[in-house]
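Chemist: The residues making up each chain are set out below.
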Amino acid sequence: MKNDEIRASLLKRSRATKNERFGKILTGLCIAIILTVVLAIFYFVASKGLATFFKDKVNLWKFLTGTVWNPGTTDAQGNPQVGALPMIVGSFGVTFLAAIVATPFAIGAAVFMTEISPKVGKKVLQPVIELLVGIPSVVYGFIGLSVVVPFVRRTFGGSGFGILSGTFVLFVMILPTVTSMTIDALNAVPRNYREASLALGATRWQTIYKVVLRASTSGIITAVVFGMSRAFGEALAVQMVIGNAMLLPSNLISPASTLTSVLTMGMGNSVMGTLSNNALWSLALLLLIMPLVFNLIIRRIAKKGAMHR
Amino acid sequence: MTPRKWDKVATTMLYLISGFIIVVLAFLLLYILISGLPHVTWKFITGRSSSFAAGGGIGIQLFNSLYLLILSMLISIPLSLGAGIYLSEYAPKNWLTDLIRNMIEILSSLPSVVVGLFGFLVFSINMKLGFSILSGALALTVFNLPLLTRKVEDSLQAVHYTQREAGYALGLSRWETVTHVVVPAALPGILTGMILGAGRVFGEAAALIYTAGQSSPPLDFSNWNPTYIASPLNPLRSAETLAVHIWKINSEGIIPDASAVSAGSSAILILFVLLFNFAARYFGNKLYRHLTGARERG
Numbered sequence: 001m002k003n004d005e006i007r008a009s010l011l012k013r014s015r016a017t018k019n020e021r022f023g024k025i026l027t028g029l030c031i032a033i034i035l036t037v038v039l040a041i042f043y044f045v046a047s048k049g050l051a052t053f054f055k056d057k058v059n060l061w062k063f064l065t066g067t068v069w070n071p072g073t074t075d076a077q078g079n080p081q082v083g084a085l086p087m088i089v090g091s092f093g094v095t096f097l098a099a100i101v102a103t104p105f106a107i108g109a110a111v112f113m114t115e116i117s118p119k120v121g122k123k124v125l126q127p128v129i130e131l132l133v134g135i136p137s138v139v140y141g142f143i144g145l146s147v148v149v150p151f152v153r154r155t156f157g158g159s160g161f162g163i164l165s166g167t168f169v170l171f172v173m174i175l176p177t178v179t180s181m182t183i184d185a186l187n188a189v190p191r192n193y194r195e196a197s198l199a200l201g202a203t204r205w206q207t208i209y210k211v212v213l214r215a216s217t218s219g220i221i222t223a224v225v226f227g228m229s230r231a232f233g234e235a236l237a238v239q240m241v242i243g244n245a246m247l248l249p250s251n252l253i254s255p256a257s258t259l260t261s262v263l264t265m266g267m268g269n270s271v272m273g274t275l276s277n278n279a280l281w282s283l284a285l286l287l288l289i290m291p292l293v294f295n296l297i298i299r300r301i302a303k304k305g306a307m308h309r
Numbered sequence: 001m002t003p004r005k006w007d008k009v010a011t012t013m014l015y016l017i018s019g020f021i022i023v024v025l026a027f028l029l030l031y032i033l034i035s036g037l038p039h040v041t042w043k044f045i046t047g048r049s050s051s052f053a054a055g056g057g058i059g060i061q062l063f064n065s066l067y068l069l070i071l072s073m074l075i076s077i078p079l080s081l082g083a084g085i086y087l088s089e090y091a092p093k094n095w096l097t098d099l100i101r102n103m104i105e106i107l108s109s110l111p112s113v114v115v116g117l118f119g120f121l122v123f124s125i126n127m128k129l130g131f132s133i134l135s136g137a138l139a140l141t142v143f144n145l146p147l148l149t150r151k152v153e154d155s156l157q158a159v160h161y162t163q164r165e166a167g168y169a170l171g172l173s174r175w176e177t178v179t180h181v182v183v184p185a186a187l188p189g190i191l192t193g194m195i196l197g198a199g200r201v202f203g204e205a206a207a208l209i210y211t212a213g214q215s216s217p218p219l220d221f222s223n224w225n226p227t228y229i230a231s232p233l234n235p236l237r238s239a240e241t242l243a244v245h246i247w248k249i250n251s252e253g254i255i256p257d258a259s260a261v262s263a264g265s266s267a268i269l270i271l272f273v274l275l276f277n278f279a280a281r282y283f284g285n286k287l288y289r290h291l292t293g294a295r296e297r298g
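Order-wise, the sequence lines are chains A and B.
Just so you know, UniProt numbering puts 215 at position 215 of the first sequence, and the rest follows in order with no gaps.
Just so you know, UniProt numbering puts 138 at position 138 of the second sequence, and the rest follows in order with no gaps.
Extracted from the complex, chain A is given alone in its bound form:
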């Protein structure tokens, strides 16, 4: 009888085991919800975005290279006019230009914070960068509209709206992200690299330029690509300063548009299920795919950097 009781109590799940299972299931459920959301995003956006090509039979190549965006109308051959090239050029234009402008500043600030004066860096620059990250994008857009656009208009002529204004706004927006990731990359360089270089008689700048920056190149490129991914997906701030003209931009100060700006402006004005709506979802799909591409590039760079070590 007694043995049976002991046997039963040993075979039964203890309170702690039940607790454990409860916790595991509860937290696993949270993960499952997040994963469902990710899959749902891809499923829904892809099913809507691909409808342009499968249901409305738009040629993918024509979609990517066409220069006329006017989904409600058709051209002489009866094909719908959904050429996304102006937006694609606009998006990549602001993204690359912003990255080109931001990179030297980001590297400079990061080098200052890790190599020249870590104390001032931590006390002053670190909070400054954190605050810059925190400023909402509509506020950047508003400042772009009331400061950058008039400035560009006065200095370079034109209306002031265009890729150049978008570049300035995005430059400030991605600067903190790129800087803080570059700092991490520089901090990952082992200290004895620097000591070895200094011991050979190199000056501080020679050490930075010939050793530290070379050793952290892959990390810095990762930071820049990550910043570009951010810039590519930024919507409202760019939309407010770029001018929203669906034309192939001929120069940096003529009004242009980006994928995100067309989406924010157009989605409310089209009816679900129509071609003009589906075409917008195709743009959204493009926006969904690009971060993946940027992600792959980052991974490639990280792998290469790891092999050099």
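Just so you know, nobody snuck in bad clues.
Restricting the straight-line Cα-Cα distance to at most 20 angstroms, the calculated cross-link-like pairs of lysine to any residue (SDA-like) are: (1) A/122 <-> B/15; (2) A/119 <-> B/19; (3) A/18 <-> B/174; (4) A/24 <-> B/161.
So these bits of chain B aren't anywhere near chain A, every CB distance computed over 12 angstroms: (5) 53; (6) 70; (7) 158; (8) 161; (9) 228; (10) 230; (11) 232; (12) 233.
None of these hints come from the bench; they were simulated from the model.
Positions of the beta carbon are idealized from the N, C-alpha and C atoms, including for glycine.
Assemble chain B onto chain A, guided by the hints.
Modeler: Just chain B now, kept in the frame of chain A:
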């Protein structure tokens, strides 16, 4: 030029670049505050917005922003805590966990516009929530979850493994160790992350344009019954937030004092962001001191 001179030149350049960044931030903050604060009066903060005439306020928008923030944090805090605990404490080291981590990373790199459109399609249309606070809160949750999860996981990982071993040695189950030992030890980091996440949500607009909507119907602040259509608490009414309001009056609004209203609204938005930032620092440090007795966070 000798190397030594180059060194001087380069150092000066680096100082200039760092100084430039500080000047940019100072300019941004001062510009917003100087051009915005004169417009911030009690009437402006609590008044109703106008769609045509000058002199509108931002009362409802401000309330909407706060309500939306609370609602979305109510959903995302438990979810991200659970997910972060799973990833840090339970997840085995295998390809599946790697895949999960990658998917969360991808979710965090998606543009907020795409998240907003997804919310529009699924919450507003398929789930028939329409332009409502609820679909806005859900979209913001999607937008915020990956970063919060990452923050929770990092904070939990930073807790030394001996603390867990001490828990197991006392005969606690893993779940009990997590809830009673690890999570409390990681709380300062988690709290900082949550407050910063709240700041991000407060300023987000792109994800809300097509989920919470761009209009703010009049509210009856005397009736707090959530099922009443004009009740401030009704989660199914459409709600323009402060950030969306700034975007809207600048891009398609026709009110004559758009720049004044958006300057004032930007100033309020920035003040809230600063508040969140300092709160995160203050409460994180205070909690850390309280829990450890150390004076500075390492």
